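Novice: As you go down the protein sequences, you meet chains A and B in turn.
With this note's numbering, the residue at position 262 of the first sequence is 263, and numbering never jumps.
With this note's numbering, the residue at position 171 of the second sequence is 203, and numbering never jumps.
The set of hints was computed from the structure by calculation and includes no laboratory data.
Values in this document were obtained by computation on a predicted structure and should not be read as measured data.
It is possible that part of the hints are untrue.
[Said to hold, decoys possible] Quick list of simulated restraints, FRET-style, between CB atoms:
1) A:P181 with B:S154: 47 to 55 Å
2) A:D91 with B:R199: 50 to 58 Å
3) A:A167 with B:K158: 52 to 60 Å
4) B:N187 with A:N399: 24 to 32 Å
5) B:Q50 with A:E331: 32 to 40 Å
6) A:P139 with B:D157: 53 to 61 Å
7) A:G315 with B:S154: 56 to 64 Å
8) A:E331 with B:S49: 28 to 36 Å
9) B:R199 with A:A167: 48 to 56 Å
10) B:A63 with A:I72: 27 to 35 Å
11) B:S49 with A:G337: 29 to 37 Å
12) A:G315 with B:E156: 26 to 34 Å
13) A:K105 with B:D57: 16 to 24 Å
14) B:L37 with A:I72: 35 to 43 Å
[What the hints assert, rightly or not] Some chain B residues judged to face chain A by a derived CB distance under 7 Å, without partners named:
15) K46
16) L48
17) V52
18) V56
19) I139
20) S172
21) I176
22) E179
23) L188
Cβ coordinates follow ideal geometry from the N, Cα and C atoms, glycine included.
For reference, the chains in residue letters:
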Amino acid sequence: MSELSALRRNPTDAWLNELRARYPTERSVDVALTRRMRKRSQEISYSSPSLEEVGARLKKFIAQETNGAAIIRNLRRLTGGASKEQFVFDLEWDKGKNERTNEKMVLRCEPAASIVETSRRGEFELMQFGARWMPVPPVYWMDEDGSTLGAPSLIAGFVEGVQKPAKIQSNVTGMGIHFPSDYRQSLAPEYIDLMVRLHKAPIADDALPSFARPSVGTTEASELIVNWWARIWAEDLYEEVPIAILTESWLRANLPVLDHLSVVHGDLRTGNFLFDETKRQITAVLDWELGYLGDRHGDLGWILTDLYITREAGSPFYCGLFPSENELIEGYEAAGGLPLNKQTLYWHKVFCTWKQLVLSLGCALRAAEDRSHQDVLLTWVSACGYTISEALRRLLENA
Amino acid sequence: MQPSLDLRLSSMIKALSQIVLPSVDTEDKAAIEQLNIVIGSLLLLKEQIDYVHWFEHVETNSMLELVQSIAGHIGQEADAFMNAANTAADIAKKPDATLSSRHDGNIRLREVLAQLIHKSLSLEDKALAANLRRQILKYSEAQISRERAFVARVNLDVFGDNLLPIREALVA
């Protein structure tokens, strides 16, 4: 094993501090990444807690948060998603004054290592913010350090809905969901509308206190996100990837200037929203943990990555919804969205594709080293790192 | 030597598909999902297993070629890079090397290549840096093609136009 490989497996404080200095990120990202690196050298063989264990911890936590008057029923596991362990349960509790209610809830927990390590507090704040502009599961409580629930966790209301049309097959974690035209007619405009609202939403001075606010008129927003994912790559990679080196170099040489500060969801793809199958309306936007304050082009760049292309009669559709980049851009601007810059959008498409490479060939494999509840799923999906590499090669050839 | 690796893999796949999977509680979606992935992973291994040594061999030679091509342009440190690359390659090429030590040698060789690429990207001669960048892109095209071919069965590839079978990707 090379020295660098050994350091990635058992990081020293000196090496970790070197990376933190080389890749300055916003504070909540630094805290989450540093915490996970300090856990890495611990010998952990992770297995999912039993439902009995989860139930006992949940009972204690809910009692603390609701002054003991709540009743938990029907606790069971939720499948789907490659990042967090999730459980669903029914909670009878006093929601407000004279308002005793029965509500279905979701408990989201971090395994020992997750494909993405992020801040529960940040996720909590983003969901509260997002809920003012679009359907988002209501968040109620969080155990930020996991001292009661056994892992950093968050509890939100359960929202009914489906990820995909009933007759459509998809790949794991909701990738590859294609929407037939009758679904696209309703869902695509609504999907765009939600994005427009989020990106234009005013951000009060005291909102989202966990997040850095990069300055408009500078490249700070772009630098922060490049540093975020470059640090993760430096910490997680198993083998150097020449196309990743070329990509990072290109990104840094072409940083776009921020023209408007927006809340960026960071993972706004199909599979991360639920919809009503009958009404064809979006019922919830999920998975806010990769969100940040920055450039709205980031959300559109994510949708336009090649990994999420689906096909209908041989024709490609971005995220199973949009037959062309122009249709997405025109739809966004026609819906009242802030103007989009094609060069900036291209940069974000490259950035998002590179982020996907880091997630698949870095994070997924590290988490799969006996540290998650679904190691075999993570090693399986890591294979998409190679088609992502091809996407990057094509993007850099055309840049 | 019997039983062959192929027979062992086939028998595992059959047992999991025909005996284990039908008996799993249909309500346990996580178990079913992971079991299907295990079956798929064994099918993938069955396809890859004949080619893994060859894959590492092609990796070593192609990286050495690129290192040689770039090192000649970076001045004084060229010899140091070539020595480091050859040391790593020697690990990968040892006649009695196990697969994991071949792979380890190639990881070390990639580290040398990465340092060299960083060096080439920061050359003051921008025309030369651009030319080297084009060479690295060209190298990447073949490297990525091999990697994609090796995992094509996972069915996550989105570029059907240039996805090759494993053997063709290795000889290309």
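Novice: Of the hints given before, which are not true for this structure?
Specialist: 5, 7, 8, 9, 11, 12, 14, 15, 16, 17, 18
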